[in-house]
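Following the hints, complete the assembly by docking chain B onto the known chain A.
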Amino acid sequence: MRKAISRIYLAFIFILLYAPIAVLIILSFNNSRTRAKWGGWTLKWYLSMFQDQVIMSALWNTLLIAVLSALISTILGLMASVSLLAMKHKKRSIVLSLLNIPMLNAEIVTGISLMLIFIAFGQFLSHWGYMIEFGFGTVLIGHITFNIPYTVLLIMPKLRQINISTYEAALDLGASRWLAFRKVIIPDIMPGVLSGFLLAFTMSLDDFVITHFTKGPGFDTLSTKIYTEVRKGIKPEMYALSTLLFASVLLLILLFGRGRKKKPAPELV
Amino acid sequence: MSNKLIDLQNITKAFDGSIVLDDLNLYIRENEFLTLLGPSGCGKTTTLRILGGFETPDKGRVIFDGRDITSLAPNKRQLNTVFQKYALFSHMTVAENIAFGLRIRKKSEDYIRDKIRYALKLVNLEGFEERTPDSLSGGQQQRIAIARAIVNEPKVLLLDEPLGALDLKLRQDMQYELIRLKNELGITFIYVTHDQEEALTMSDTIVVMNQGYIQQIGTPEDIYNEPQNAFVADFIGDSNIVNATMIHDQLVEIFGVKYACVDTGFGTDKPVDVVIRPEDLELIAVPENEDQSSEEYQKALRKITRINPGYFEGTVSHIIFKGMHYEMEVQAHGFEWLVLSTRMFQVGTKVLMSVDPYNIQIMNKPESEDEKAVSMQEIV
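Protein sequence lines correspond, in order, to chains A and B.
Using my numbering, the first residue of the first sequence is number 1, and each one after it goes up by one.
Using my numbering, the first residue of the second sequence is number 1, and each one after it goes up by one.
The hints are simulated quantities; they were obtained by calculation from the structure and are not laboratory data.
Ideal placement from N, C-alpha and C gives every residue a C-beta, glycine not left out.
Please note: incorrect hints may appear among the correct ones.
[Said to hold, decoys possible] Beyond 10 Å from chain B on every Cβ pair, some chain A residues (computed):
(1) A4
(2) Y9
(3) I13
(4) A22
(5) V23
(6) L24
(7) L27
(8) T34
(9) W38
(10) S48
(11) S83
(12) L104
(13) F124
(14) T243
(15) L255
[Unchecked claim] Listed below are the simulated EDC-like cross-link pairs for lysine to aspartate or glutamate, each with C-alpha atoms no more than 16 Å apart in a straight line:
(16) B:K4 to B:D204
(17) B:K85 to A:E168
(18) A:K88 to B:D16
(19) B:K4 to B:D65
(20) B:K303 to B:D356
(21) B:K299 to B:E313
(22) B:K322 to B:E279
(23) B:K115 to B:E130
(24) A:K44 to A:E237
(25) B:K76 to A:E237
(26) B:K106 to B:E96
(27) A:K90 to B:D16
[Stated by the list, open to error] Partial pick of chain B residues on the chain A-facing surface, computed with a CB cut under 7 Å:
(28) P74
(29) F83
(30) H91
(31) F100
(32) Q140
The following block holds chain A by itself, in its conformation from the complex (with noise of 0.2 Å):
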């Protein structure tokens, strides 16, 4: 009984969680242009999606916005977290927090501060006739700039495990600093490296606030042309769209599920 009702409990909860995502799915393969009517299953919105200009160049943005930002933003981190081990216990600590606000602080306190240094810039630019345009540009530096902080929290952990005779075992092998950091560091902390770098993809491809304040008029992400849409009426193509970014973040997250069964994390005396 009591095992029934923990089940029945689990049940519920797990449909909570993706009633939404499964509706979304559903209406996606709706034939009748209405969400209230049922008119069978089709594929005419992920072919007018594919063939939509302006939903193709969104996507292309949001994809290209979250693989660079994610790439340079987990380099930035896996770069700061070394330097964070090496300094004193005292002055690490403070650094730390000080890079843990910015994830603390509400995202369009965020966004408005960097569309107002932007600007800032761009002003004190002008004077020597060059100018900041908003679009790309900006909205990659904000993404980069709110995402160095997820990749440092989940890279800091991994390289903090390290045995540091590992690397000394290298150079004492007769490897240069560089090789042995390549050969024995990073393969130690590749499963923080990619958790942060999928973190900063997720977090970027599903960024609103912060791209909505950076970017100009003129370019879109996804996110920013949904909520365009929005205001005139969601389009089916729209669910499709949906669709097609969830079965992509499910894929990723099962490769990567997969990627790490085959061959544990090692874990270090």
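Relative to the frame of chain A, chain B by itself:
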């Protein structure tokens, strides 16, 4: 065993203002098994790390084979290290671990394959090429770490407490293994440990260190039989260390009793430290409440004075069976003497206790306050 292979000259090193090594001078000969022995924090590991190139001394020079290598990077040195916790590369197979140094030196794959087979044979782990480190036991991991170091044919192998994480039985097996390896390879071993038994078993030369200073350098026999100060005597094996007065050559007074000894040259009426090893104390039982003039007592007295004219009267206050011998405490003159004997004495037994003159080790009291701090702090 004659050439000075490594010469450490006036090495001083401090971390965050606290001195770890203070003007250390030490040379290591070719083909020697040298052990740096001391309690934690004595500077032995720092000395090894300076040799390996992982630390740079604040002052002093490291000469290797006639060349100054004080600030040479670790990857440019002709020595290899076996680390305390093995430090194997966990994402590589055993073969890849062993090949690491050889691949960096761009050796041919044929050469590398032969070397791996040779090294695994040397450490008795043939056929382990494709295993991963985390599938190996501690002892096996340690052997792989040694194999990984020796395939590079270093002139010197540095070993940083390599057996510290192993259990007792395995540790003893590995000690013999290391001696065999050293003899087969014919290279210099520099070994760091806090385990005096390990040091006595394996070394040609032992360097006893404490608080950044070398306390004594010598063969295991020297160190054990002729400790130069109370610290060494106390650190190497158990011993009874007591205050005494050197009356004149070959006569020392301990707790008011004059003992014959063999040491000379300490002057007259000079305060000294005396070390007596527990296994060197000899006991003869006398029945309790026995009159001193009785025949029984006189017989015991004659027996004990044949060992040494001086003797103590004491009472056995504690006894533990240790397998090969009994460990006893004997109360005499307000001091608890530690005694090892194959004979058993009941607690409460009155005994006469003495020691052969050859087994009384006389040591000068530390002269300066500094020296005193170094030698006495660990004991009290």
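We went through each hint and held it up to the structure:
no.: 1; hint: A4; verdict: holds (42 Å)
no.: 2; hint: Y9; verdict: holds (39 Å)
no.: 3; hint: I13; verdict: holds (37 Å)
no.: 4; hint: A22; verdict: holds (40 Å)
no.: 5; hint: V23; verdict: holds (44 Å)
no.: 6; hint: L24; verdict: holds (41 Å)
no.: 7; hint: L27; verdict: holds (46 Å)
no.: 8; hint: T34; verdict: holds (55 Å)
no.: 9; hint: W38; verdict: holds (52 Å)
no.: 10; hint: S48; verdict: holds (47 Å)
no.: 11; hint: S83; verdict: holds (20 Å)
no.: 12; hint: L104; verdict: holds (34 Å)
no.: 13; hint: F124; verdict: holds (44 Å)
no.: 14; hint: T243; verdict: holds (38 Å)
no.: 15; hint: L255; verdict: holds (19 Å)
no.: 16; hint: B:K4 to B:D204; verdict: holds (15 Å)
no.: 17; hint: B:K85 to A:E168; verdict: holds (12 Å)
no.: 18; hint: A:K88 to B:D16; verdict: holds (11 Å)
no.: 19; hint: B:K4 to B:D65; verdict: holds (7 Å)
no.: 20; hint: B:K303 to B:D356; verdict: holds (12 Å)
no.: 21; hint: B:K299 to B:E313; verdict: holds (15 Å)
no.: 22; hint: B:K322 to B:E279; verdict: holds (13 Å)
no.: 23; hint: B:K115 to B:E130; verdict: holds (15 Å)
no.: 24; hint: A:K44 to A:E237; verdict: holds (9 Å)
no.: 25; hint: B:K76 to A:E237; verdict: violated (63 Å)
no.: 26; hint: B:K106 to B:E96; verdict: holds (14 Å)
no.: 27; hint: A:K90 to B:D16; verdict: holds (15 Å)
no.: 28; hint: P74; verdict: holds (4 Å)
no.: 29; hint: F83; verdict: holds (4 Å)
no.: 30; hint: H91; verdict: holds (4 Å)
no.: 31; hint: F100; verdict: holds (5 Å)
no.: 32; hint: Q140; verdict: violated (14 Å)
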